[in-house]
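The sequence shown lines up with residues 1 to 176 when you count with the numbering used here.
Everything labelled a hint here was simulated from the structure, so no lab data went into it. Please note that the accuracy of each hint is not assured.
Cross-link-like lysine to aspartate or glutamate pairs, in silico, DMTMM-like; alpha carbons within 25 angstroms at most [what the hints assert, rightly or not]: (1) K32 with E59; (2) K32 with D119; (3) K15 with D124; (4) K87 with D136; (5) K32 with E112; (6) K6 with D60; (7) K87 with D110; (8) K6 with D20; (9) K125 with D136; (10) K32 with D91; (11) K23 with D91; (12) K125 with E22; (13) K23 with E59; (14) K125 with E112; (15) K23 with D136; (16) K32 with E22; (17) K87 with E59; (18) K23 with D111; (19) K23 with E106; (20) K15 with E79; (21) K32 with D101; (22) K125 with E79; (23) K15 with D111; (24) K87 with D139; (25) K6 with E22; (26) K23 with D60; (27) K125 with E106; (28) K125 with D111; (29) K15 with D91; (30) K32 with D110; (31) K87 with E137; (32) K87 with D60; (33) K32 with D20; (34) K125 with E77; (35) K6 with E48.
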Amino acid sequence: MDQPVKNAPQWPAAKVQLWDIEKLIPYARNAKQHSATQVAQLAASMREWGFTMPVLAAEDGTIIAGHGRVMAARLLEWERLPVMIAKGWTDAQRRAYVLADNRLAESPWDDELLAVELDALASDKFDMSLLGFTNDEMDALANAGEFGPGSAGDQGDLSTLQPIICPHCGGEVPRK
Numbered sequence: 001m002d003q004p005v006k007n008a009p010q011w012p013a014a015k016v017q018l019w020d021i022e023k024l025i026p027y028a029r030n031a032k033q034h035s036a037t038q039v040a041q042l043a044a045s046m047r048e049w050g051f052t053m054p055v056l057a058a059e060d061g062t063i064i065a066g067h068g069r070v071m072a073a074r075l076l077e078w079e080r081l082p083v084m085i086a087k088g089w090t091d092a093q094r095r096a097y098v099l100a101d102n103r104l105a106e107s108p109w110d111d112e113l114l115a116v117e118l119d120a121l122a123s124d125k126f127d128m129s130l131l132g133f134t135n136d137e138m139d140a141l142a143n144a145g146e147f148g149p150g151s152a153g154d155q156g157d158l159s160t161l162q163p164i165i166c167p168h169c170g171g172e173v174p175r176k
């Protein structure tokens, strides 16, 4: 079963193990930061939905992906976590994946669809604090479609317009 299958991805999750949390070692050069607020949000999410994505660790227990989840699990005083082992990965592959896992997950939101989904969850009386968005972010999304008249400052000062310079002769074109 350990033989690679043609046209199928490598899948470390096929061998998820339950490890004592104390065996997991944070990677000392993990560049991704986790604030106390974010760790608390992760803990609340994990309390609601459980541990939905195993930690990825090197064979010696060094965390490759899942630092924040492990921090949240410690906050929850959990003793054992599901772990996938990156068996046979080189040191360079492990270090690179620490960066790639965090960087490749970054992408923009479709604000319109996000606002619709947040509104639907709020209508369902779902605990919005579990989603990781601040109240200010949710308010901004809820009000994004509202249009109101601008102020005089929004319009700019027409008396400060720069002169128009002809690209052919370099002469100044008078403004009317």
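Here is how each hint holds up against the structure:
The hinted pair formed by K32 and E59 meets the criterion: a straight-line CA distance of about 21 angstroms does not exceed 25 angstroms. Distance hint between K32 and D119 is unfulfilled; the C-alpha atoms sit about 30 angstroms from each other, more than 25 angstroms. As the CA atoms of K15 and D124 are separated by approximately 37 angstroms, the hinted pair breaks the 25 angstroms bound. Using a Cα cut-off of 25 angstroms, the hinted pair K87 and D136 is violated, with the two alpha carbons roughly 43 angstroms apart.
Annotation: proposed proximity of K32 to E112 is violated, straight-line Cα distance about 28 angstroms (limit 25 angstroms). Proximity of K6 to D60 is assessed by CA-CA distance (about 29 angstroms); at most 25 angstroms being required, the pair is judged violated. Pair hint K87 plus D110 does not hold up; C-alpha atoms about 37 angstroms apart against a cutoff of 25 angstroms. For the hint pairing K6 with D20, the CA-to-CA distance comes to about 34 angstroms; that exceeds 25 angstroms, so the pair is violated.
Straight-line distance between C-alpha atoms of K125 and D136 comes to about 18 angstroms, which keeps the hinted pair within the 25 angstroms bound. Between K32 and D91 the alpha-carbon distance is near 18 angstroms, which keeps this suggested pair within the 25 angstroms criterion. Simply put, K23 and D91 have alpha-carbon atoms about 19 angstroms apart, close enough for the 25 angstroms limit, and the pair holds. For the suggested pair K125 and E22, the alpha carbons sit about 37 angstroms apart, so the restraint of at most 25 angstroms is broken.
Taking the CA atoms of K23 and E59, the gap is about 11 angstroms. The hint holds against a cut of 25 angstroms. Distance check on the hinted pair: K125 and E112 sit about 20 angstroms apart at the alpha-carbon level, within 25 angstroms; holds. With a CA separation close to 39 angstroms, the supplied pair K23 and D136 exceeds the 25 angstroms bound. For the hint pairing K32 with E22, the CA-to-CA distance comes to about 21 angstroms; that is within 25 angstroms, so the pair holds.
A threshold of 25 angstroms between alpha carbons decides the hint, and for K87 with E59 the separation of about 6 angstroms falls inside it, so the pair holds. Taking the CA atoms of K23 and D111, the gap is near 40 angstroms; set against the 25 angstroms cutoff, the hint is violated. At most 25 angstroms may separate the alpha-carbon atoms for a hinted pair to count; K23 and E106 exceed this at roughly 29 angstroms. At roughly 20 angstroms between alpha-carbon atoms, K15 and E79 fall within 25 angstroms of each other, so this suggested pair holds.
For the proposed pair K32 and D101, the alpha carbon gap of about 10 angstroms is at most 25 angstroms, so the pair holds. Taking the CA atoms of K125 and E79, the gap is about 32 angstroms. The hint is violated against a cut of 25 angstroms. At most 25 angstroms may separate the alpha-carbon atoms for a hinted pair to count; K15 and D111 exceed this at roughly 37 angstroms. Distance hint between K87 and D139 is unfulfilled; the C-alpha atoms sit about 45 angstroms from each other, more than 25 angstroms.
With a C-alpha separation of about 37 angstroms, the suggested pairing of K6 with E22 is violated against the 25 angstroms cut-off. For the proposed pair K23 and D60, the alpha carbon gap of about 8 angstroms is at most 25 angstroms, so the pair holds. The suggested pairing of K125 with E106 is violated, with an alpha-carbon distance near 28 angstroms, which exceeds 25 angstroms. For the hint pairing K125 with D111, the CA-to-CA distance comes to about 21 angstroms; that is within 25 angstroms, so the pair holds.
Straight-line distance between C-alpha atoms of K15 and D91 comes to about 21 angstroms, which keeps the hinted pair within the 25 angstroms bound. Between K32 and D110 the CA atoms are separated by roughly 24 angstroms; this keeps the pair inside 25 angstroms, and the hint holds. Note on K87 and E137: the hinted pairing is violated, with a Cα-Cα distance of about 40 angstroms set against a maximum of 25 angstroms. Proximity of K87 to D60 is assessed by CA-CA distance (about 10 angstroms); at most 25 angstroms being required, the pair is judged to hold.
At most 25 angstroms may separate the alpha-carbon atoms for a hinted pair to count; K32 and D20 meet this at roughly 23 angstroms. Between K125 and E77 the alpha-carbon distance is near 29 angstroms, which puts this suggested pair outside the 25 angstroms criterion. Distance restraint check for K6 and E48: the Cα-Cα separation of roughly 38 angstroms exceeds the 25 angstroms cut-off, and the hinted pair is therefore not satisfied.
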